[in-house]
Amino acid sequence: MSANTNTRMRTPLKNVRRLGSAKEGADHFWKQRMTGVANLVLAIFVVFIVVSLAGADHATVKAALKSPLVSLPILLLVVSAMIHMRLGMQTIIEDYVHNEGPKIALLMLNTFFTIAVGAASTLAVLKLTFGG
Amino acid sequence: MAEAKSARAGTRVERPLSPHLQVYRPLVNMVMSILHRITGAALYFGALLFAWWLIAAASGPDYFRFVNDLMGSLLGRLVLVGFSWALIHHAVGGIRHFIWDTGRGYDLKTVDLMSWGTIVLSVGLTAALWLVAVAVK
Numbered sequence: 001m002s003a004n005t006n007t008r009m010r011t012p013l014k015n016v017r018r019l020g021s022a023k024e025g026a027d028h029f030w031k032q033r034m035t036g037v038a039n040l041v042l043a044i045f046v047v048f049i050v051v052s053l054a055g056a057d058h059a060t061v062k063a064a065l066k067s068p069l070v071s072l073p074i075l076l077l078v079v080s081a082m083i084h085m086r087l088g089m090q091t092i093i094e095d096y097v098h099n100e101g102p103k104i105a106l107l108m109l110n111t112f113f114t115i116a117v118g119a120a121s122t123l124a125v126l127k128l129t130f131g132g
Numbered sequence: 133m134a135e136a137k138s139a140r141a142g143t144r145v146e147r148p149l150s151p152h153l154q155v156y157r158p159l160v161n162m163v164m165s166i167l168h169r170i171t172g173a174a175l176y177f178g179a180l181l182f183a184w185w186l187i188a189a190a191s192g193p194d195y196f197r198f199v200n201d202l203m204g205s206l207l208g209r210l211v212l213v214g215f216s217w218a219l220i221h222h223a224v225g226g227i228r229h230f231i232w233d234t235g236r237g238y239d240l241k242t243v244d245l246m247s248w249g250t251i252v253l254s255v256g257l258t259a260a261l262w263l264v265a266v267a268v269k
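Those protein sequence lines, which keep their order, are chains E and W. First residue of the first sequence? That's 1 in this note's numbering, and the numbers climb one at a time after it. First residue of the second sequence? That's 133 in this note's numbering, and the numbers climb one at a time after it.
Simulated from the structure, these hints should not be mistaken for lab results. None of the hints are false.
The calculated lysine-lysine pairs, modelled on DSS-like cross-linking and capped at a C-alpha distance of 27 angstroms, are:
#1 269(W) - 62(E)
#2 66(E) - 269(W)
#3 62(E) - 127(E)
#4 127(E) - 66(E)
Some chain E residues well away from chain W (every beta-carbon gap over 10 angstroms; in silico):
#5 67
#6 94
#7 98
Each residue gets a CB set at the ideal place from its N, CA and C atoms; glycine is no exception.
Isolated chain E, as found in the complex (with noise of 0.2 angstroms):
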């Protein structure tokens, strides 16, 4: 086999077992500060919201979350932190576990957690929006 026909950053044994590029290059590093950027800005409008409304009875909270003003920053951090911490998590994972079966396993968990702490506070944004 020449070295000069392979062009390709690939070795063929890479090739068949499929580790060779995935055209997402620099996918995880631009969504991790995308979403770093937006949780910087929204974390702000929610850290004040949330000090304004600590402490505070049920009914004021309720009323509080009837305002799109209020629900909206929320549910936008709610999305945009679940991406960003899906994404940490899988790189603190991929740093340390090495053995391929609970590697892989622990970055299903990942994606589980993340989606389901996201759908839960979500639900419950929404029911405090437009529930009765």
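For this one, chain E is given, so just place chain W on it according to the hints.
Using the frame of chain E, we list chain W on its own:
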């Protein structure tokens, strides 16, 4: 070479290792680096607290009062102080990483300055947040 000969014989040998983490004096940028990961992981589970608060509010007055009292207790406040510091520290550390992403701030002086700035700002902002929160209640 001894290693090569043993390797050919199929036995595992102790190979010389490059100096590992514990031989280095901890530097502020190392500490900030791992703190960014630790606070990120803490926030991952801390998100459950925020979700719990939202779910409690959606569940009704009785359960919301129960969760509110729990979070307002001494232990609850202690956890929330930790949560808020982790959030602010990770946010300030994130800004530092955004600056690095632009290709700037890699000289040692700036790295040190930004690393110290991260911890000073995160502790200061957390203290300020809680002072304001307590003052307006």
